[in-house]
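Novice: Please put together the full structure from these sequences, using the hints given.
2 protein chains.
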Amino acid sequence: METQASSASSGDDTPTASTASIGDWATCAADPGYRAAVLDLLGALAYGELSAFERLAEDAKLAPGLADKAALARMASAEFQHYQLLHDRLVEVGEDPTQVMNPFVEPLESFHRMTAPSDWLEGLVKAYVGDAIATDFYREVAVRLDDDTRDLMLRVMSDTGHAQFAVDRVRQAIEEDSRVGGRLALWGRRLMGEALSQAQRVVAERDALSNLLVGGAHVQGFDLVEVGKMFNRITEAHTKRMAALGLAS
Amino acid sequence: METQASSASSGDDTPTASTASIGDWATCAADPGYRAAVLDLLGALAYGELSAFERLAEDAKLAPGLADKAALARMASAEFQHYQLLHDRLVEVGEDPTQVMNPFVEPLESFHRMTAPSDWLEGLVKAYVGDAIATDFYREVAVRLDDDTRDLMLRVMSDTGHAQFAVDRVRQAIEEDSRVGGRLALWGRRLMGEALSQAQRVVAERDALSNLLVGGAHVQGFDLVEVGKMFNRITEAHTKRMAALGLAS
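Quick note, the sequences are listed as chains A and B, same order. Those letters in the first sequence? Residues 1 to 249, per UniProt numbering, in order. Those letters in the second sequence? Residues 1 to 249, per UniProt numbering, in order.
Worth double-checking, as some hints may not be accurate.
Because identical chains cannot be distinguished in the list, a pair is counted as satisfied if it fits within a single copy or across any two copies.
Pairs of lysine to any residue, SDA-like flavour, derived with a Cα cap of 25 angstroms [what the hints assert, rightly or not]:
id: 1; residue 1: K61; residue 2: A132
id: 2; residue 1: K61; residue 2: D147
id: 3; residue 1: K61; residue 2: S118
id: 4; residue 1: K61; residue 2: H112
id: 5; residue 1: K229; residue 2: V91
id: 6; residue 1: K61; residue 2: T115
Hints were generated in silico from the structure; no laboratory data involved.
Specialist: Given below as C-alpha cells:
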C-alpha cells in the first residue's frame, strides 16, 4: 500500500518527541494512508487493553490474599475503562471495533502463549514490564499524531496504579528470598525479547503502520534514525524499570 | 451470640416488602447485633461482587468472538465498580473489608467449585441465574434495613446489562439446537439447589445474620412466615427467569 503519512507533516527531523500540532483527526485522516495507520494503532491498543483486562483478571485468581485480589481486579477494571474509550472512538469514526482489532489478536495471543507466567510474581513482572513497554511506545508515537488521536492515546495510557503495586510486591519477595531475583531477571529478559519479536512481526505485516513508523513518508521526523533512537529510549526505560524492581536487565 | 436485631423495628408482620424507614445507619448500628448482621450482609455481597468479577472475566475467555468477549469484560468491570462501593462503605464505617469478607470466601468458592460451567452457555446461565437469585434476596432484605444501607444495596444491585445479554444468547442457542434446552434446564435446577444449600449453610453459621433474618428479634416483619414467603417469591421469580430463557425450571 502506497501511503502519504500526513499531508500536514512538517517533515523535520527533530530527534526529541515533538508536541507541535499536525492538525486534527478530520484534516489528517483525509489521507487514507494516515487513517489506516492510526486505525491500526487504535486497534492494536484496544485489543491490548482487552487482553490486559483478561490477564490481570487471571492474575487476580493467583493472588495470595483478598486485598491483593481486589487490587488486581481494580486494575483490570481500569484497563477495561481504557478499552471502552478506544471502542467508543472507533465507533465514532465509523469503524467496527472488532474488525479493527482482529489483525492484532493472533500476535498478542502468541505473545501471551509464549510468556505464560508460572506464578504470581512472574505475572506481576509481566504485567509491569509489558504494560510499561507498550505505554512507552504509544506515548512516543502519540505525540506525533493528530490532536484528537494524541489526546485519546495519552488518556488511555494514564496510570492504572499497577506499576507501584508490582514494584512493591516484587521488591518485597526479593528481600524475603534473594534467589527470586535471578529467576525474575531472566524472565524480564525473555519478556522483552518476545515483545520485540511480536512487535516487529506486526509492523512488517501492516503496510500503513510501517509506512507511518519507518516509511519514506513520515510524520514529524519519524525516519529510521528517529525510530532507532525511539527504541533506544524504550530499552533504556526498560533497564531502569528492571532496576526499580531490584532486577538486572 | 445474643442479639437484638433492631431497637427501631416496628415489629409488624406486613407480608410485602415495606419501605418505611427504620432510621439511618448511625441510629440502627448502635445495636451491636444489627451492626454485626449488616456487616455480614455487606461482606457477603462484597465478596459476591468480587467473585462475580472473576467468574465473568473467566467466561470472557470462553466467548466465541471479540464482541462477546468485550461485552462480558464490560459486565465484569461493572461488578467491580459495585464491589468498590461496598469496599468504600466498609472502610467508612471503620471496618477492614478483607476481614468482613473472609467468612464468605469458602461458601462462595464451594458453590463455584460445585457448579463450574463446562462451556460458554452454562457460564451464561449460571451468571444470569446466580446473579438474579442473589439480587432478589438482597433487594428483599435491603428494603427492611436502615436508610443508608438500603440505598447502598439498591445501588449495588442495579442492572449491569448482564440479564438481557444472557437471555439473547441462550435463546438463540436453543433455537439453533433444541437439545441444548434440556441440558441447560437441568443445569438451572442444579444451580438453584446448590445456591440454596450454600445460603442455608452461611445463615446457620452466622448468628447475627440468622437472628436478623429469622431470629426472635426482627426488623420490619422478618419472622419465619415472612422468610418463607420471601423464599417463595424468589423461587417464583427464578421459574419466570428460566422460562424467559426458554427453559423449564
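Novice: Each hint should be assessed against the structure and marked as holding or not.
Specialist: Status of each hint after checking the structure:
In this assembly of identical chains, the alpha carbons of K61 and A132 lie at most 25 angstroms apart whether taken from the same copy (22 angstroms) or from different copies (24 angstroms). In this assembly of identical chains, K61 and D147 lie within 25 angstroms of each other by CA distance neither inside one copy nor across copies; the values are 39 angstroms within and 35 angstroms between. Both within a single protomer and between protomers do K61 and S118 lie at most 25 angstroms apart by alpha-carbon distance, with minima of 13 angstroms and 19 angstroms respectively. When the C-alpha separation of K61 and H112 is checked against a cutoff of 25 angstroms, the pair qualifies both within a copy, at 17 angstroms, and between copies, at 13 angstroms.
For the homomeric pair K229 and V91, neither the shortest alpha-carbon distance inside one copy (34 angstroms) nor that between copies (48 angstroms) is at most 25 angstroms. Both within a single protomer and between protomers do K61 and T115 lie at most 25 angstroms apart by alpha-carbon distance, with minima of 18 angstroms and 17 angstroms respectively.
Going down the numbered hints, you'll see the structure goes against 2, 5, while the others check out.
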